[in-house]
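Enquirer: These are the residues of each chain, in order.
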Amino acid sequence: MTIHSDYAGGRLTAYLSGELDQHEARGAMRSLDGLLDAYLPRDLVLNLSELKFMDSSGIALMIRLSRRMKATGGRMWIENPARQPKRVIDAAGIDRLIPVAAGSL
Amino acid sequence: MQVSNECRLEFPSKSSNEAFARVAAAAFAAQLDPTLEELEDVKTAVSEAVTNCIVHAYPESVGRIRLKMRILEGGVLEIAVQDWGKGIEDVEKAREPLFTTGGEERGGMGFTIMESFTDKLRVRSRPGRGTVVIMQRQIRSRQRRP
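So the sequences go chain by chain: A and B. Per my numbering, the very first residue in the first sequence carries number -1; after that it's consecutive. Per my numbering, the very first residue in the second sequence carries number 708; after that it's consecutive.
Any given hint might turn out to be false.
[What the hints assert, rightly or not] Partner residues are not named here, just some residues of chain B that face chain A (Cβ under 8 Å, in silico):
1. S723
2. E725
3. K750
4. G817
5. I820
[Claimed, not checked] Below, in silico cross-link-like pairs of lysine-lysine (BS3-like), each with a Cα-Cα straight-line distance of 27 Å or less:
6. B:K800 x B:K721
7. B:K775 x A:K68
8. B:K775 x B:K800
9. A:K50 x B:K775
10. B:K775 x B:K827
11. A:K68 x A:K84
12. A:K84 x A:K50
13. B:K800 x B:K827
14. B:K721 x A:K50
15. B:K827 x A:K50
16. B:K775 x B:K721
Simulated from the structure, these hints should not be mistaken for laboratory data. We put the beta carbon where it would ideally sit given N, CA and C, even for glycine.
Starting from the given sequences, assemble the full structure and let the hints guide the process.
Expert: Quick look at the structure:
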């Protein structure tokens, strides 16, 4: 999977593309931790519109990121998830912890 | 019970095989003429089951994983994912949402997601001997749809 990002006005948007499973999750977490360390954003937006596949490894990653953002008083959203990731998010019920926005914020 | 086709695959518990296993399952399911959504369901459930073997059954070593797929009467796809690893002490507990022995890199949602994406899920496990997860998913052929 690949991650690219942009940062503006305290908001870091990370665009995840490809497939996010346990094999990919550790590298993804390292990249995202690196981005958070570099920018110290107030808001983190995970854009999943190009993420073709995700399993519960992605859920674990999102919960970790959400805890990290909350610990520093920041906020986090999931933006525009493609169909399969959206269904995994719904099945896991994490939309109660992390807001999911259908379109761009 | 009539079995119209079957397939058996074995591979080592390397995490790079997670993607292989779900693509292989989707390729086998393709003969049932599934929708994209049904294929996603099969891939998601297989990814979870195989990941459990890699992370939990063989935490310190590389072991064997067997993926056995069958097509049953009425377009039911059955997938069994078997390992000969550590086994699960308490299957009921393991199936509860958010329960995990895998630390913060795991969320404890694997079985919950397997259950949501299949019609039937059975787990048999013996500590020290291994685990088999058997999932069934009805595939409604696109041609048979109204």
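Enquirer: Does K721 (chain B) sit within 27 Å of K800 (chain B), going by the straight-line distance between their CA atoms?
Expert: Holds, at about 26 Å.
Enquirer: Per the CB criterion, is I820 (chain B) less than 8 Å away from chain A?
Expert: holds, 5 Å
Enquirer: Is the hint on S723 (chain B) kept, meaning its closest Cβ partner in chain A is under 8 Å away?
Expert: It holds, given that the least Cβ distance between S723 (chain B) and chain A is near 6 Å, below 8 Å.
Enquirer: Holds or violated: is there a CB of chain A closer than 8 Å to the CB of E725 (chain B)?
Expert: holds, 5 Å
Enquirer: With a cut-off of 27 Å on the C-alpha distance, tell me whether K775 (chain B) and K800 (chain B) pass.
Expert: holds, 25 Å
Enquirer: Straight-line Cα separation of K827 (chain B) and K50 (chain A) no greater than 27 Å?
Expert: holds, 25 Å
Enquirer: Going straight from one Cα to the other, do K775 (chain B) and K721 (chain B) come out at no more than 27 Å?
Expert: holds, 18 Å
Enquirer: Against the 27 Å threshold, does the CA-CA distance of K775 (chain B) and K827 (chain B) hold or violate the hint?
Expert: With a Cα-Cα distance of about 16 Å, the restraint between K775 (chain B) and K827 (chain B) holds, given a limit of 27 Å.
Enquirer: Go through the hint on K750 (chain B) and say holds or violated, using the shortest Cβ distance to chain A against 8 Å.
Expert: holds, 7 Å
Enquirer: Is the hinted pair K84 (chain A) and K50 (chain A) satisfied, with a Cα-Cα distance of at most 27 Å?
Expert: Holds, at about 10 Å.
Enquirer: Straight-line Cα separation of K775 (chain B) and K68 (chain A) no greater than 27 Å?
Expert: violated, 43 Å
Enquirer: Keeping to a limit of 27 Å between CA atoms, is the pair of K721 (chain B) and K50 (chain A) held or broken?
Expert: holds, 22 Å
In summary, the one numbered hint that this structure violates is 7.
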